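Q: Taken in order, these protein sequences are the chains called A and B.
Here this note's numbering is used: the first residue of the first sequence is -12, the next is one more, and so on.
Here this note's numbering is used: the first residue of the second sequence is 4, the next is one more, and so on.
Mixed in with the good hints, there may be bad ones.
Take a look, some chain B residues computed to stay more than 12 Å from chain A by CB distance [stated by the list, open to error]: (1) G101; (2) A111; (3) G145; (4) A153; (5) G193; (6) D210; (7) E237; (8) E246; (9) T260; (10) V303; (11) R321; (12) L355; (13) G391; (14) L431; (15) G483.
List time: in silico DSS-like cross-link candidates among lysine-lysine, alpha-carbon distance up to 27 Å [said to hold, decoys possible]: (16) A:K126 - B:K496; (17) B:K426 - A:K126; (18) B:K426 - B:K496; (19) A:K161 - A:K49; (20) A:K49 - A:K143; (21) A:K161 - A:K143.
Which residues of chain B face chain A? A few of them, derived with a C-beta cut under 8 Å, are [what the hints assert, rightly or not]: (22) F328; (23) V417; (24) H421; (25) A515.
Read the hints as simulated data drawn from the structure, not as lab findings.
Just so we're clear, the structure is a prediction, and the values are computed from it rather than from any experiment.
Cβ coordinates follow ideal geometry from the N, Cα and C atoms, glycine included.
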Amino acid sequence: MSSSITTWNRGLAAVLLAAVMSCAGGDAGGGGPAAPRGGGAPDFALRDLAGRTVRLSDHRGKVVLINFWATWCVPCKVELPHLERLYQEYRPQGLVVLGIAMDGPDSSANVDPQARQYGLSFPVLLDEETRVVAVYNPKRTAPFTVIVGRDGAVAKRREGYHAGDEVEVEADIKALLAVRADRP
Amino acid sequence: MTGGRGAVISLLLVASPAVLRAQGLRDLGVPVDVTASSSAAWHTDRDYGDLFGRLNVAGTWDAWQASLRVDTATFIQPPEPEVDDRYTLEKVAAGWAGRSLEVSAGDAYVSFGRGLGLTLRKIDELGIDTTLRGAKLLVHHGDLSATLAAGTGNINNVDETTGTSADDPYDLIAGGQAQVLLADRLTVGGHATAVAFRDPLGLVPADHYTDRSSVVGLVIDAPRLTERFGFYLEGIEQEVRTEPGAEHPRGFGLYGTATGRLGPATLLFEGKAYGALTLLAPNLEEPAFQAVAYSSPPSVERVQQIIENPPTDIAGGRLRLDWAFSPGLLVYGNLALFRDWLGYADPDSGELVPGSIVDPYAGAEVRWDQGRSWLIGSAGWRAVVVSGGTLVRRDAHVEIEAAQVLDERWSATVQVVHDERGKRDVLLDESYREGTVLAGVRLQPSLSVAAGYDYSTEPTQPHTHYPSGQLGWDFTPSSGVRLFVGSARGGLKCVSGVCRQVPPFEGVKLTATVRF
């Protein structure tokens, strides 16, 4: 049990250190990404199905719906066509949808065929490392949706998909699209 | 630490998100995202209780990011000496992310190629969450990208399904990957990884860090080479040094995919050829941690498929055709063929002989009520045959999930999984069936009620019938509680080619997730 106590004390010290670190960051300078000062949705860069790099910060000023899904997840398969419809309907008003596939090396070959079968026109990104998943969706829930407002901050999170959730997601999107980017 | 004191600490950690939220930290300018999950269970079959907590806190300030995760495991009347209280700072990381450069220190996930050389990632469904504790550098410059990482392996120290725990292996891991995108269509790259294992991999005693492995690989990736065709190709060579003076075995791995698209049809071929490949894994004695690995070559099989042999000496592939008849009707068929030289025991001679695997399966997705009601199902039959045509393994499987919207707020769901398995060996010729039936209703936006029934005639299972009831309440779209009462079958659970044995459960379990 002494090792547990040692581990705990060591852990507590590191918790405090990390807490200080999380609050102590300065100005990143011109090369930094677009997270709003004072905290916002953490920026990330992932490759899409064509091999191109897509960044969250490239969509600053827009409402960004980030959907974590996987080819082995049945509720994800049901939700994706609804997200495609929302993307088509609200894209002209500033909605961006980023589908992040959580498939690992064993099933990532299925991502492209499945995205094509569902007619997904929004960018589908591969997070084989679970790097972005660990930040936004540490429980690795599938599906899991994060909506980032025009101010760059996370506005909504939603776990899972049930019939009718798309109505609530649409209401969230409409409300966030109505907010001006410069409004505090 | 006494159990009572541990329980208090666990409860504080579980309750901490609510405390943080109550203090309105965001309003005070402290940017944190919190995901906390906890579970409290009483195991009626073994008469003990457990309380697990997992607190994730992440903060962002301009380009700076920091995160940590604290895990707690507290037991009441624990079945000594199998389990022990444990409180761990499981993950901690801080970093800076610019457009061309990302630097992080602490825990990081790393995966090169398709996992043949190195893959440290989350597979939470199996309780696996392995990171590299050290430093990681990512460079993006135009069409060039590169990753460098070095550190020690950091595993999930507590296995929540069994309650057992293990210390970090402290294996030294270093690797790098570089890629260049050519003509906006073709990515060419390479990766290299070296691992020095603290504890020897084999049974022969050796000093720390004398057993080592190295992997080099090449990748060519053209997912959209043309509008209708794309491919991926990866090859690796692996060397593993386990005993001084002994011959160092060299393994190889080839993996590739080709995708063709024409109108409503998509054709996927996925193939592999692995020879003398060693699955790189830390030397962890606890059985619950045997699925932890540093490399994970694609199995090219169904994600849920129970795979008996590790994919080390096997070749073959699968062909899958998807056809979208309409947005409301998708069908697919899949045929996989493999030759496994690792072998199976011949029922007649007892000798280990190569096996041939045949695995056809097909499925369909049907949607109606504007996509709000649906049925997704699949079925197949996997067989392993040894020389002479003797059937040594068989696995017939059916999976169905469906939902029907009843009105604006109510919907009904049903899930059925059934497997008929058979195994023939020198000493046994057994067949068994197992499955799950789950039926429930959902009242939008927050309530779910379900009744479940697991069954298994597998000889090592304690019961045949496992009834259960579940109640869920989502008090926000991303936070909620679940109550499980009853029993659930155990068995081998597989996700993405990684399999582990999960024990059966009997009792009451309350889980909660809070996010903000």
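Q: Against each hint, give a clear statement of whether it holds in the structure.
A: For each hint, the structure was consulted:
| no. | hint | verdict |
| --- | --- | --- |
| 1 | G101 | violated (4 Å) |
| 2 | A111 | violated (8 Å) |
| 3 | G145 | violated (10 Å) |
| 4 | A153 | holds (16 Å) |
| 5 | G193 | holds (16 Å) |
| 6 | D210 | holds (23 Å) |
| 7 | E237 | violated (10 Å) |
| 8 | E246 | holds (30 Å) |
| 9 | T260 | violated (4 Å) |
| 10 | V303 | violated (8 Å) |
| 11 | R321 | violated (9 Å) |
| 12 | L355 | holds (26 Å) |
| 13 | G391 | holds (32 Å) |
| 14 | L431 | holds (30 Å) |
| 15 | G483 | violated (7 Å) |
| 16 | A:K126 - B:K496 | holds (18 Å) |
| 17 | B:K426 - A:K126 | violated (36 Å) |
| 18 | B:K426 - B:K496 | holds (17 Å) |
| 19 | A:K161 - A:K49 | holds (12 Å) |
| 20 | A:K49 - A:K143 | holds (14 Å) |
| 21 | A:K161 - A:K143 | holds (12 Å) |
| 22 | F328 | violated (11 Å) |
| 23 | V417 | violated (12 Å) |
| 24 | H421 | violated (16 Å) |
| 25 | A515 | violated (12 Å) |
Of the numbered hints given earlier, the model fails hints 1, 2, 3, 7, 9, 10, 11, 15, 17, 22, 23, 24 and 25; all others are met.
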